[in-house]
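Those sequence lines, one after another, are chains Y and Z. So for the first sequence, this note's numbering puts the first residue at 20; every next one is plus one. So for the second sequence, this note's numbering puts the first residue at 60; every next one is plus one.
Hints in this document: simulated from the structure, not taken from any laboratory. Each residue gets a CB set at the ideal place from its N, CA and C atoms; glycine is no exception. A hint or two may mislead.
[As the list claims (entries may be wrong)] Partner residues aside, some chain Z positions facing chain Y, computed with beta carbon under 10 angstroms:
#, residue
1, 102
2, 120
3, 154
4, 212
[Unchecked claim] Away from chain Z, derived, C-beta distances all over 10 angstroms, residues of chain Y:
#, residue
5, 50
6, 71
7, 83
8, 94
9, 97
10, 120
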Amino acid sequence: MDSLHTNSAESRTAGRSTLLSSKKAFSLVEILIAMVVFSIFTTGIVYLSISTLERDDKAVVKNESLLYTQECLEAVRNIKDRDYLDLVSGQYGLSFTSDTWSFIAAPELIDDFYSRTVTIEDVYRDVDGNIADTGTLDPETKYVTCDVTWDWKGVFPQTETLSAYMTNWRGYNWEQTLCSEFTGGSFSSTETVETPIPPEDNCAVALEFTESMSEFFSSADTGEHGVDVSAENGYAYLATSKTNQGFAVVDIAIPASPVVENKLDIGGKGRYVVNSGNYAYVGVENSSGGLVTVNITDPTNPSVAKTTNFSAMGNQPFLAGSYLYMGLEVTTNSFRVFSISTPSNPTQVAYLNFDANTNVVHVDGNYAYVGTDKSGGQLKVVDITTPASPSLVASLDVGGEINAIEIYGTVAYVGVSGSSAIQVVNISNPLSPSIAYTLTTSGKVQDMVYNEDYLYAAIDETSSGLNIINISNPFVPYLASVNDITGKGTGACVNEGYVFITIDINNSGLVVKEALVPGYPTSGTYISDAFDTGSEQIRYNFIDWDYTDTVGGTIKLQIRTADTEAHLSSATWVGSDGTASTYYENPRTTIVTSPSATGKRFIQFQIIMTSDTFETPLVDSVNINYNP
Amino acid sequence: MRNLLKKKGVLLTQNSSYYGARNALRPSAKGSTLIEILIYFIILAIFLLAATTFAIQIMDVNDTSQSLGEMEANREFISEKITDAIYAADSISSTGSTFDNDNGILALHMTQGADSPTKFYLSEGNIYMQEGTGTAVQINTNDVKLDYLRFNQVSYSKTPDQIIIDAQISPISTEMAHLQNTILMHLTASLRQ
Chain Y
20 MDSLHTNSAE SRTAGRSTLL SSKKAFSLVE ILIAMVVFSI FTTGIVYLSI
70 STLERDDKAV VKNESLLYTQ ECLEAVRNIK DRDYLDLVSG QYGLSFTSDT
120 WSFIAAPELI DDFYSRTVTI EDVYRDVDGN IADTGTLDPE TKYVTCDVTW
170 DWKGVFPQTE TLSAYMTNWR GYNWEQTLCS EFTGGSFSST ETVETPIPPE
220 DNCAVALEFT ESMSEFFSSA DTGEHGVDVS AENGYAYLAT SKTNQGFAVV
270 DIAIPASPVV ENKLDIGGKG RYVVNSGNYA YVGVENSSGG LVTVNITDPT
320 NPSVAKTTNF SAMGNQPFLA GSYLYMGLEV TTNSFRVFSI STPSNPTQVA
370 YLNFDANTNV VHVDGNYAYV GTDKSGGQLK VVDITTPASP SLVASLDVGG
420 EINAIEIYGT VAYVGVSGSS AIQVVNISNP LSPSIAYTLT TSGKVQDMVY
470 NEDYLYAAID ETSSGLNIIN ISNPFVPYLA SVNDITGKGT GACVNEGYVF
520 ITIDINNSGL VVKEALVPGY PTSGTYISDA FDTGSEQIRY NFIDWDYTDT
570 VGGTIKLQIR TADTEAHLSS ATWVGSDGTA STYYENPRTT IVTSPSATGK
620 RFIQFQIIMT SDTFETPLVD SVNINYNP
Chain Z
60 MRNLLKKKGV LLTQNSSYYG ARNALRPSAK GSTLIEILIY FIILAIFLLA
110 ATTFAIQIMD VNDTSQSLGE MEANREFISE KITDAIYAAD SISSTGSTFD
160 NDNGILALHM TQGADSPTKF YLSEGNIYMQ EGTGTAVQIN TNDVKLDYLR
210 FNQVSYSKTP DQIIIDAQIS PISTEMAHLQ NTILMHLTAS LRQ
């Protein structure tokens with residue numbers, strides 16, 4: 020029991036002591052734990068508060084960057100409105116000095132924090148005029164992008180971007196592109212040419228197209244009038260109107276100095292001549308020897324190989340393959356066909372009666388086009404598919420006796436006696452020829468020959484013996500050049516770039532000219548109409564032009580301005596730096612007016628063009644952009 | 060013997076245990092109480108100090124955040140008002156405006172006749188907008204003030220005029236003043252003619 024009591028007291032004492040000491044120790048730990056818990060808790064709150072502040076800070080910075088981005092677009096718009104040409108594709112920074120915005124190298128640093136970049140890009144439009152990735156460049160529109168970038172906390176890159184399409188909408192244009200607009204100006208070796216580009220009545224300024232013969236001229240004294248000529252291999256064979264020397268041979272190896280080699284008596288005056296190989300065939304004014312075959316194996320020493328008697332004078336012979344077709348000055352059976360399988364001995368194989376004289380013959384394919392004096396049907400179309408049995412398939416009234424026929428493609432040019440005209444006959448269907456066009460010449464056409472795009476016509480007129488007709492559009496030919504060849508033209512042929520014309524002058528029966536080479540002058544100028552901008556308080560922006568250039572040609576422009584239209588004509592032409600020594604040589608160049616000009620209200624431009632004579636540059640339109 | 064030994068042993072143990080416990084309890088209970096209180100107070104003091112600092116900092120952060128938000132909202136509103144007015148203006152009145160000055164005035168000739176001229180100016184730290192002969196309206200809140208308001212005109216022949224605006228916005232309440240927080244307003248707008 021004692022032991023028990025003792026035990027119990029002991030354990031009570033010990034229990035109290037344990038309790039007391041443990042109570043104190045736990046309090047400290049509790050405080051520490053509480054502090055840790057509290058710290059975690061407050062750290063969370065502090066972190067939350069700080070991130071809120073950071074977010075606010077970030078918003079402030081971001082909004083500030085937005086203002087800088089907006090400013091960037093405003094600045095580019097300002098630069099654009101001042102001079103649209105300053106918007107050139109590329110990347111730039113912006114500089115604001117002396118109250119003026121300008122582009123500097125990219126990027127631009129703001130407050131050592133933001134970096135700002137402007138990107139200008141070209142804009143393309145599709146066929147509908149909508150903006151597209153590819154298509155036609157639209158020089159009046161640019162795509163502008165402004166980027167402001169910064170590093171958040173110096174690490175995280177941030178960007179603010181704004182973009183806009185900017186157009187040159189503020190400038191007014193004075194554009195010259197229509198024929199009626201260009202014709203208000205003055206031309207000096209220049210002209211307007213219609214361009215196929217819409218709109219209607221659209222023209223371009225070009226150097227004047229010239230279709231004139233060179234000054235080249237030479238002649239040979241045949242002792243009598245020349246009547247017809249045929250040329251080959253350095254020799255010209257002439258029918259002349261000298262009774263006992265109706266045939267002549269001229270050496271034309273040097274066209275500038277033709278030399279009469281020989282003359283031959285063919286029993287009468289020569290009327291028409293044609294040659295092939297070693298023989299020439301001459302229609303002779305001799306009713307008992309109308310066709311004379313001349314051996315020209317040695318051109319310097321011709322000789323008569325055969326004289327054929329039709330009891331009629333011979334007119335024009337025409338060679339086609341191994342046949343010779345010929346017209347006679349007789350009203351019965353005047354169309355004859357000869358076989359020349361033995362060239363020295365033409366043998367008649369057929370004839371045809373038109374009840375009229377046959378003057379000229381021209382064979383094309385399976386048809387012979389025959390010119391007669393048959394009233395009401397002068398042009399005869401003869402089917403010669405089988406030369407030995409020709410048949411008349413069509414007749415056409417061309418309004419007069421036919422003196423000359425030349426065929427070019429599906430067109431027969433028919434020279435009509437009694438009128439100064441060439442009938443353009445459509446023979447695309449030989450069975451039904453029809454007159455498509457009538458071209459007036461300077462006189463009666465005696466003979467015709469074509470070379471390239473030109474028809475050379477010998478004309479029965481003293482001061483205009485040679486007409487040159489442009490047949491580049493065969494159905495609508497036009498008279499390109501009228502030439503004085505010192506006498507009336509009687510016959511013509513073209514050989515090796517030279518035109519040989521016989522004329523009715525004794526001491527120069529054969530005339531030689533260079534074939535016409537069309538071209539352009541080496542330079543020319545166009546001065547535009549004057550334009551009234553309406554105000555002295557004007558700002559010129561730029562001058563632009565659409566053009567087609569050539570390898571050997573140049574285009575350059577100058578402008579001049581004045582306060583009144585009257586002062587314009589005495590103003591100095593100036594170029595890209597405002598002085599007379601420069602020119603606008605590239606389209607879309609900023610206009611600089613002359614400081615010495617009396618004013619700016621009136622303006623005009625001049626186009627100066629040069630060429631290599633073969634091609635002309637074209638200026639389709641000129642546009643002066645200004646702000647009134 | 061075994062019992063005696065046992066008993067003796069028990070007794071022995073009993074004796075030594077009893078005295079030993081009393082001896083250990085007494086000196087430790089007396090010395091530790093004072094130290095404990097001291098430590099307790101020191102820890103409590105540190106803890107309270109930290110807690111107070113945290114609390115003040117959190118309040119500061121909240122104040123800063125609130126003032127930034129307030130200033131930002133003012134900047135947005137003021138810049139929108141000025142920009143809209145410039146976009147809607149016909150031209151800038153050079154006589155009514157004061158450019159390149161910390162107390163700048165912007166006067167705009169408006170398309171809407173009744174609103175013409177629309178003026179923006181600074182008075183005692185507040186920015187006012189006045190349309191025509193109407194009452195001037197303060198367009199900043201009372202919590203912020205503008206330290207300066209500068210207008211710069213960019214003018215070039217045949218080009219729409221442009222205005223560059225610079226201002227500094229700061230909090231007006233003295234509680235917030237110690238935070239030394241200001242934001243700048245820089246914007247540019249051109250006339251849309």
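Evaluation of the provided hints:
1. 102: holds (6 angstroms)
2. 120: holds (4 angstroms)
3. 154: Residue 154(Z) check fails; min Cβ-Cβ to chain Y is 19 angstroms, beyond 10 angstroms.
4. 212: holds (8 angstroms)
5. 50: violated (6 angstroms)
6. 71: Since the minimum Cβ distance to chain Z is about 5 angstroms, residue 71(Y) lies within 10 angstroms and the statement is violated.
7. 83: violated (7 angstroms)
8. 94: violated (7 angstroms)
9. 97: Non-interface label fails for residue 97(Y): nearest chain Z Cβ at 5 angstroms, not farther than 10 angstroms.
10. 120: violated (7 angstroms)
Violated hints for the displayed structure, listed by number in ascending order: 3, 5, 6, 7, 8, 9 and 10.
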